[in-house]
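Asks: Taken in order, these protein sequences are the chains called A, B and C.
UniProt numbering numbers the first residue of the first sequence as 1 and each following residue consecutively.
UniProt numbering numbers the first residue of the second sequence as 1 and each following residue consecutively.
UniProt numbering numbers the first residue of the third sequence as 1 and each following residue consecutively.
Mixed in with the good hints, there may be bad ones.
Where chains are identical, the list cannot tell them apart; a pair therefore holds if satisfied intra-copy or between any two copies.
[Stated by the list, open to error] Lysine-lysine pairs mimicking BS3-like chemistry, simulated, CA-CA at most 27 Å apart:
(1) Lys174 to Lys233
(2) Lys151 to Lys53
(3) Lys12 to Lys233
(4) Lys75 to Lys229
(5) Lys151 to Lys173
(6) Lys249 to Lys229
(7) Lys174 to Lys257
(8) Lys174 to Lys260
(9) Lys249 to Lys233
(10) Lys84 to Lys151
(11) Lys233 to Lys75
(12) Lys233 to Lys155
The set of hints was computed from the structure by calculation and includes no laboratory data.
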Amino acid sequence: MKLNILNELREKNPVVLSAANFVTVQDVANSLNAIGASPIMSKEIAEAEEMVKMASSVTLNLGTLTQLQIAQMKKIGALATQDKKPIVFDPVAVGAVNYRLQTAQDLLHSFPVSIIRGNAGEIAALGGFEWNARGIDAGSGSGNLDQITQKTAQKLDCVVIASGATDTISNGKKIAHVYNGTPLFQAHVGSGDVLSSIVAAFAAVWADPFEAAQTATLVFAATGELLAKDQPKIGPGTFGMHLIDYLSKVQVADIEKIAKFD
Amino acid sequence: MKLNILNELREKNPVVLSAANFVTVQDVANSLNAIGASPIMSKEIAEAEEMVKMASSVTLNLGTLTQLQIAQMKKIGALATQDKKPIVFDPVAVGAVNYRLQTAQDLLHSFPVSIIRGNAGEIAALGGFEWNARGIDAGSGSGNLDQITQKTAQKLDCVVIASGATDTISNGKKIAHVYNGTPLFQAHVGSGDVLSSIVAAFAAVWADPFEAAQTATLVFAATGELLAKDQPKIGPGTFGMHLIDYLSKVQVADIEKIAKFD
Amino acid sequence: MKLNILNELREKNPVVLSAANFVTVQDVANSLNAIGASPIMSKEIAEAEEMVKMASSVTLNLGTLTQLQIAQMKKIGALATQDKKPIVFDPVAVGAVNYRLQTAQDLLHSFPVSIIRGNAGEIAALGGFEWNARGIDAGSGSGNLDQITQKTAQKLDCVVIASGATDTISNGKKIAHVYNGTPLFQAHVGSGDVLSSIVAAFAAVWADPFEAAQTATLVFAATGELLAKDQPKIGPGTFGMHLIDYLSKVQVADIEKIAKFD
């Protein structure tokens, strides 16, 4: 685990461009800022070229997609590919909404992505596995999540993070897990969106997307766990705000003390 | 008062679809999640059919309407009517902006709604009563709010909630009141939007819209009051976050202890 | 310094219309409400006329501009000019994105604005000065910020606020500074957007835009400083929420005690 990427990130303060969803965008911006990146959001295709040039990585989030936004994402995707900037893709609700699954597949055919971050239901849908997803929630399935994650990574030729109580990460060959976390992540809407953007911040400063994905996931999960341990009575509303505080102050040594992964 | 609807809601975890306004959407999503529902937001008309199919109820909020969103709401409204999913309508600022009043009337002619939730000025405007509304605020009027609520419910053939320091609820025949609450609801932008979505969550699991409206209003008002009593120095910013915490943990017994209604 | 404008504002509770960005809009709405104004947001050009008529001042924020929003801003700008309602302009990221700079210049040629509020990089870009801006951040430059602010104010014939650790305010003749504040403003995304909207609230109730700008900037900076002093361990996430609490309760006497300006 390359925990020093966190220090690298804070030193370089990379600009991370997000085509965001409007539900969680404020949390995403503040979390990126807190971890040490510089967030920028854009909705206008006419500024895509400059935005991608300025950014060190890109997040594309399907959470409240519109046809206009899909066109913008295609443009951003093409430009980021050309400029060799890592793209993190967040396929919100593709497990529950076929229109979104088709849109995601269309986007993934238009340009390669470095990393996909979704919940189990979203990753299973992208990989073509049976899963009973439900709205924005992971739902439940009987499949082997290691296999689903690995096969989806192979199929889409990228790193895949299936996040949840245990996070499963694969680049198609290797499989890694992060066991840290807290149920408050599921209770707070937008935890996945925030993780995707933080993964993009790590990918912005580290060439190996598997290591970036693994480390970002551990940092995020462990930071939430630290907060939940310090404030055992915290609820899902205040958790979101305090998590931003914790992201801004968490140190490699804090994470090393509690890190559980393989 | 059917307070057990709260337990029913938590057991069923219904998907509530929102055509939301972009000012308060994050609070709405987190509050829905906290009370025990599964929020999903959508801006794209092409996914309306799948979204309505997946949802158990729908909220349409005029807070930052666009012509595109109105077209989406018409589609969602027609589909929800067809599928017999309850629609909660939140006519933000129709008392102050004639364009919004006309839009609301146009929507209400296009499809029937189960429940309308607004402040006094908004409900008075929909009912055709004199009232001095002001922006997003209720403003002031000399009319009898019981009569305004009841007549508006009769006119629009649905349940109407006029929320405020006292909440007035009518299905055109019966009139109910909820006396719980705290002035912090008015101090925090979006309390009305959140209430509308919580009403939709209750309506998703309970067939009688009057009972669903009455119970949801009591649960919301009493939860805010509990928070204000526990933290008497809390301000309007932190109130919003802690209210989400309280919504996630409030129990029927807590509400029964302080419930004031008729 | 006309600190009594704060009391005037709270007495008059002016409606402030915002063409907002979707990243920080919830903070903006709650902060306006907390300081004593009545926020209203709009995205639809068809309601621009009524919205401007209802409002006492207007904020135009480029943070997540779209071509549709630019058309709306032109309409709002023309109507507000006609009705003599002060316009506050927030040129987010014009120092880093040429498309935004051109859009800002186009808007500023279409209608006069009362006050521009940006960070050093944004103000330098509008004034035509060299500056190394970076995304939404101010970046760094070697220019004299007093001169940049004053010349930009002369060039654009309005009041200019270059906000930062020290805030510099000029109407082209006079130059004022506010030395209060806390680094948490930079750590919390949207502090600038919130300040712009609060400036609009002050301009809504006070005829002299230089005095309104100066006082609003002091009130905002000092309120943040008071919070940071009371809670020295607060992080950037909880800071945003508590700042809303503090804006709702801060009194002229509290500010007078710590005010540092010239």
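Asks: Could you tell me which of the numbered hints above are not met by this structure, giving the numbers in increasing order?
Replies: 1, 2, 4, 11 and 12
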